[in-house]
Amino acid sequence: MAVGDLALLVATIMGVYSLLAIGLNMHWGDTGLLNFAHAAFFAIGAYTSAILTTPPETGLLANRTVGASYPIFVGLLAGATLAAAAGVLIAVTSVRLEGDYLAMVTLSFAELIRLVIHNEGWLTSGAQSLKGIERPLEGSVPIRYDLFYFLLVLGVVAGSYLLFRRLAGSPFGRVLHAVREDEEVPLALGKDTTWFKLKSFGLGAAIAGLAGGLWAHYVYAITPNMFLPSLTFTIWAAVIIGGAGSYLGAIVGTAFIVGIRQVTRFVPSDVPFASDLPYIRLVVIGVLLIAVLYYRPYGLLGDEERMLAGSEEGAD
Amino acid sequence: MAGFDPQFVMAAFDPQFLWNGLVVGSIIAVAALGLTLIFGILNFINIAYGDYMAVGAYFAFAANTQYDLPIVVAALIGMVVMAVGALVVDKLVFERFRSRSAIVLLVVSIGVAFVLRNLIRIVWGTGSRRFSGPIEAAPQFFGIRVLPDQVAIVVISVAILGGTYLLLRRTRIGIAMRAASDDTDLARIRGIDTERLVTYVWLVGGAIAGIAGILLGLDAQIRPNMGFTALIPIFAAVILGGIGDPIGAVAGGYAIGITQELSVVVIPTEYKPAIGLLLLIIGLLSKPEGIFGEATR
Numbered sequence: 137m138a139v140g141d142l143a144l145l146v147a148t149i150m151g152v153y154s155l156l157a158i159g160l161n162m163h164w165g166d167t168g169l170l171n172f173a174h175a176a177f178f179a180i181g182a183y184t185s186a187i188l189t190t191p192p193e194t195g196l197l198a199n200r201t202v203g204a205s206y207p208i209f210v211g212l213l214a215g216a217t218l219a220a221a222a223g224v225l226i227a228v229t230s231v232r233l234e235g236d237y238l239a240m241v242t243l244s245f246a247e248l249i250r251l252v253i254h255n256e257g258w259l260t261s262g263a264q265s266l267k268g269i270e271r272p273l274e275g276s277v278p279i280r281y282d283l284f285y286f287l288l289v290l291g292v293v294a295g296s297y298l299l300f301r302r303l304a305g306s307p308f309g310r311v312l313h314a315v316r317e318d319e320e321v322p323l324a325l326g327k328d329t330t331w332f333k334l335k336s337f338g339l340g341a342a343i344a345g346l347a348g349g350l351w352a353h354y355v356y357a358i359t360p361n362m363f364l365p366s367l368t369f370t371i372w373a374a375v376i377i378g379g380a381g382s383y384l385g386a387i388v389g390t391a392f393i394v395g396i397r398q399v400t401r402f403v404p405s406d407v408p409f410a411s412d413l414p415y416i417r418l419v420v421i422g423v424l425l426i427a428v429l430y431y432r433p434y435g436l437l438g439d440e441e442r443m444l445a446g447s448e449e450g451a452d
Numbered sequence: 218m219a220g221f222d223p224q225f226v227m228a229a230f231d232p233q234f235l236w237n238g239l240v241v242g243s244i245i246a247v248a249a250l251g252l253t254l255i256f257g258i259l260n261f262i263n264i265a266y267g268d269y270m271a272v273g274a275y276f277a278f279a280a281n282t283q284y285d286l287p288i289v290v291a292a293l294i295g296m297v298v299m300a301v302g303a304l305v306v307d308k309l310v311f312e313r314f315r316s317r318s319a320i321v322l323l324v325v326s327i328g329v330a331f332v333l334r335n336l337i338r339i340v341w342g343t344g345s346r347r348f349s350g351p352i353e354a355a356p357q358f359f360g361i362r363v364l365p366d367q368v369a370i371v372v373i374s375v376a377i378l379g380g381t382y383l384l385l386r387r388t389r390i391g392i393a394m395r396a397a398s399d400d401t402d403l404a405r406i407r408g409i410d411t412e413r414l415v416t417y418v419w420l421v422g423g424a425i426a427g428i429a430g431i432l433l434g435l436d437a438q439i440r441p442n443m444g445f446t447a448l449i450p451i452f453a454a455v456i457l458g459g460i461g462d463p464i465g466a467v468a469g470g471y472a473i474g475i476t477q478e479l480s481v482v483v484i485p486t487e488y489k490p491a492i493g494l495l496l497l498i499i500g501l502l503s504k505p506e507g508i509f510g511e512a513t514r
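Heads up: the protein sequence lines correspond to chains A and B, in order.
At position 247 of the first sequence (counting the first as 1) the number is 383 in the numbering used here, and the numbers step up by one without a gap.
At position 78 of the second sequence (counting the first as 1) the number is 295 in the numbering used here, and the numbers step up by one without a gap.
Next comes chain B alone, as it looks inside the complex (with noise of 0.2 angstroms):
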């Protein structure tokens, strides 16, 4: 075995891959679904949505571990705390900056991502956390592990996305949402009231960011850098669906988690996060309107 290095060494193709890239692509397509929805609207880059996810997370996990509340009562708690709170930041901080430029809302979010990230710290301490819950076996079906958790992941998210499509189809607000999304001037010019439309933006998509932490928590470790690092296959999923396009950002989500895990047969597993970094300067650079949208700017 002379000159074996193990760093070199590529896995060989596993249908294992598939069912963890579609848990990891669940998780992403529900995240740059909320961002998508904000982003559409506000129109600035937030820097702050991945510490939502964390405090989303990190409110669950009080109510489930310090509370000793069922899971699905603390995920639903997580959701409303970080749907209140994101309207919360936005009246106390976003909302004074409204006229200014998307680039100074870009900076003003790094303050905002600054303080959440450093608030979660001082309350809940920096090591990781787990949701409490038994550690229970993984039954293999073909050859595949499949964990609890990884299936609650799968079916949660495809409930979130479900019940936003029909909010954005069905409802005056959402589709007023959609509307204003498309053309924020047209939408104004035909009477919808765009000010209470961005309260019920913050309110659906810091739900949605609440419960994406919650699912990647479920997956991995609650750590207070969790949705920080896990930014930017978001907006990866964002860029690539297309900016404020909701279908596309859920297919350019699953699209993304899937590629990562199945990366590891073309290359070294250290370089998985590259996958999302390499999608995202691909997808700026190539196609800025999205592989599904149309120019948004």
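So here's chain A without its partners, still in its complex pose (with noise of 0.2 angstroms):
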């Protein structure tokens, strides 16, 4: 492949990642919620709209007998309004726990939707992967078709920023970033909190089931082992690198962490230690994870006051 090839698909990695990371920061940087089953969000999009518009399996080996062959937009609505009821089903049990617990719960959630996924195999294909998803207009767009999906993706980025960042300012916002503050004080003024915490909850969770869809139209062939907890630490680390409560910097962290991810791509294969580069990297980003809390802890574009209210330093 080409420089360039690499470098559109790195992009549209960074792109659709980067959903991911909005809807996070949402979640921890406005609301101060512990999601940790942004991988399930993920998941249940992509699952969604792969089966929504992928026809089932025929054939002997035949695994799925459930698909259809909805139209993709169809399938991407689907998939993001069904991750954003899972998200608010789980937290309408489990949004009053305390920060830790709730990203226990929220953890194991998404492990049990995921061994949904691995076990149910005449809806998903299982360990198997679903196979043969469609990609939207291929081979009707009038320039290459990666570019397109990439300016595609942008254009999705482009606007969950300018909305999440516009929710973010609203009273809604507002309102979100009391309950992460002291969520007693919101509740003193009559907010329903809770209310507030179920629909952030369910707003992060539908953008990173849309990321999902996204993800499944790109890359034709979806398993269960895509949506690893890993995938789930990786976001937190984009957010919290890029510095919690700033969309931008959730966009930036996520293209950071996705370049060091996959900037072993450009390494050709013949350099020293090339077979042990995939987890160097990843030790990598474990130490940057720890040095920007130690030593920054609003991260590269976060909010200062964010993180000095709430702690002693701020009560002055």
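Be careful, since some hints might not be right.
[Unchecked claim] Which stretches of chain A does chain B cover? Using the computed rule of at least three CB atoms under 8 angstroms from a CB of chain B, they are: (1) 230 to 236; (2) 245 to 255.
[Claimed, not checked] Ranges of calculated distance between the beta carbons of each label pair, as one might list FRET restraints: (3) A:Gly268 to B:Val305: 43 to 51 angstroms; (4) A:Val403 to B:Asp400: 47 to 55 angstroms; (5) B:Arg315 to A:Phe402: 35 to 43 angstroms; (6) B:Gln357 to A:Phe402: 54 to 62 angstroms; (7) B:Leu309 to A:Leu273: 49 to 57 angstroms; (8) B:Val340 to A:Pro192: 43 to 51 angstroms; (9) A:Ser366 to B:Ala229: 31 to 39 angstroms; (10) A:Val403 to B:Ser345: 25 to 33 angstroms; (11) B:Val340 to A:Gln264: 26 to 34 angstroms; (12) B:Leu309 to A:Ser366: 17 to 25 angstroms; (13) A:Leu298 to B:Leu235: 58 to 66 angstroms; (14) A:Pro192 to B:Val289: 49 to 57 angstroms; (15) A:Gly395 to B:Glu312: 25 to 33 angstroms.
Calculated directly from the structure, the hints in this document are not laboratory data.
The beta carbon of each residue, even a glycine, is placed where N, CA and C say it ideally should be.
These two chains come separately, so use the hints to put the complex back together.
Structure below.
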């Protein structure tokens, strides 16, 4: 592959993951909710859209007996909606828990969802990959297809960025910020804080579901192993490094993390330690995450005041 | 046999499941004991704990197969390495974040987990490994297959649990640990040097994590992500037992192991891992203070 093709591929992955980071930034950056189920919302979006747009398997080894051929935008919409519903459902049960307990419960829910996807082969093809997922408008765009898809993802990222930044600055967003800093205050002012948390969870999950759909229609084939907890942790690293509370930071952080993870594609395979590079770069991400939290707790572009609020320094 | 779908067949009850449950439960109980000790004093969710287990298992593996040491010696090496290792990680990383919130520490531990797991992959590769040892025939007792490794796991677990019990009950350090776990501020006021206590907690918790990883490797395989994938039932045991409550965690560990293995009587085998997940969710949602414990926060 030429360098240009690789660059487009990496940029498209950055775009899809940026959507995940935007969703997580609504949860953690704006509302202070520890969502560790993000990979599951991504999976729900991907599988929903894939199943709705890809007919059932045929032949002797057919596994999946459910499928349809709806237009792709229907799949994407349904994926985002279902992911949002799952987000709200998980939040309804657990959003009252204290921060780190919420993290454990959401992580468990995500693994439960992955277990179902893995085991229900009639619906999802199970451990085998769900193959032959259609790409939108393939063969009918006047430009190179991978350029078209990148521009499509870029457009969705730009739209989501503007929308979520606007939401964060709106009266709705200000209540979310108040919930994040000290829930007692908006509660005392008569705001139904649980309801606001549910909406935050739903919106963030919806954008993760949309990202899942865009992912599925880009990569042709999806498997449950694409949605491991380590994906959630990677997005967390991106949001923290970029700076929690800043949507631009979420995108920059994602570009940074995906850049580290994908840079090895550009490295020739005959350099020393080439076979260990995939793991070395994950060590680097781990070290960076710790270093950023230590030296620059508000991240590259984060809001310094956000970090100080709630801490003892901020109380002065 | 029209409509016969093997996916939905459940197993009939078999005493074998009880024995398997005891073996799995022993591993979870030991692992949960180490985790609850650390959790009780340090007060944050350490995602890297599973990777501590893996590190212990890999060092024992290296001593056992690469240096041909007997498995018992290798296991002791694994424990010591992880005891010191947990302390080193604390000095390098966690200590610097002591004044920060539990949430920051949770995220920091994700970074530590990334580093440890991938260092393992770089040093030992990604494939699965086994301790060296003959593959022995499994004698049958009353129709139950009992592997020698399984007997070792159950016996070693009881020894570790008993030793830790004595440590917590009979030694000054152990009593101080329990006091600090109950109420850190009160312990400090009573003159307990809590920073020194933290050192002991990492040593003891790290050693227990190491041996838990070795037992897990003895029962199944040694893989870089073995500890991480085992983490959820271990956390479930800690939560069910009440955070910081060693006896509760052990009881929770055995309960989860046995429930998980017996569950195949009522649910399809593929859903066995769901038991740990569901117990963790239900445990946190219904009684975050644990079935045996009292509220710790």
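Hint-by-hint comparison with the structure:
Closer than 8 angstroms: that is the beta-carbon criterion, and the stretch 230 to 236 of chain A has 5 residues meeting it against chain B, so the requirement of 3 holds. Restraint check on the stretch 245 to 255 of chain A versus chain B: 6 residues with Cβ-Cβ distances below 8 angstroms, three needed, restraint holds. The beta-carbon spacing between glycine 268 of chain A and valine 305 of chain B, approximately 50 angstroms, falls within the hinted interval of 43 to 51 angstroms. The supplied range of 47 to 55 angstroms is met by valine 403 of chain A and aspartate 400 of chain B, whose beta-carbon atoms lie about 53 angstroms from each other.
The beta-carbon spacing between arginine 315 of chain B and phenylalanine 402 of chain A, approximately 40 angstroms, falls within the hinted interval of 35 to 43 angstroms. Evaluation of the 54 to 62 angstroms hint for glutamine 357 of chain B and phenylalanine 402 of chain A yields a pass: the beta carbon distance comes to about 58 angstroms. Between leucine 309 of chain B and leucine 273 of chain A the beta carbon distance is about 52 angstroms. The supplied range of 49 to 57 angstroms therefore holds. Valine 340 of chain B and proline 192 of chain A have their C-beta atoms about 45 angstroms apart, which keeps the hinted 43 to 51 angstroms range intact.
For the hinted restraint 31 to 39 angstroms between serine 366 of chain A and alanine 229 of chain B, the CB-CB distance of approximately 38 angstroms keeps it satisfied. A beta carbon spacing of about 28 angstroms between valine 403 of chain A and serine 345 of chain B agrees with the range 25 to 33 angstroms that was offered as a hint. Judged by the Cβ atoms, the range 26 to 34 angstroms given for valine 340 of chain B and glutamine 264 of chain A holds: they are separated by roughly 32 angstroms. Look at leucine 309 of chain B against serine 366 of chain A: about 22 angstroms separates their beta carbons, and that is inside 17 to 25 angstroms.
At roughly 59 angstroms, the beta carbons of leucine 298 of chain A and leucine 235 of chain B sit within the given window of 58 to 66 angstroms. At roughly 55 angstroms, the beta-carbon separation of proline 192 of chain A and valine 289 of chain B lies within the given 49 to 57 angstroms, and the hint holds. As the Cβ distance of glycine 395 of chain A to glutamate 312 of chain B is approximately 31 angstroms, the hint placing it in 25 to 33 angstroms holds.
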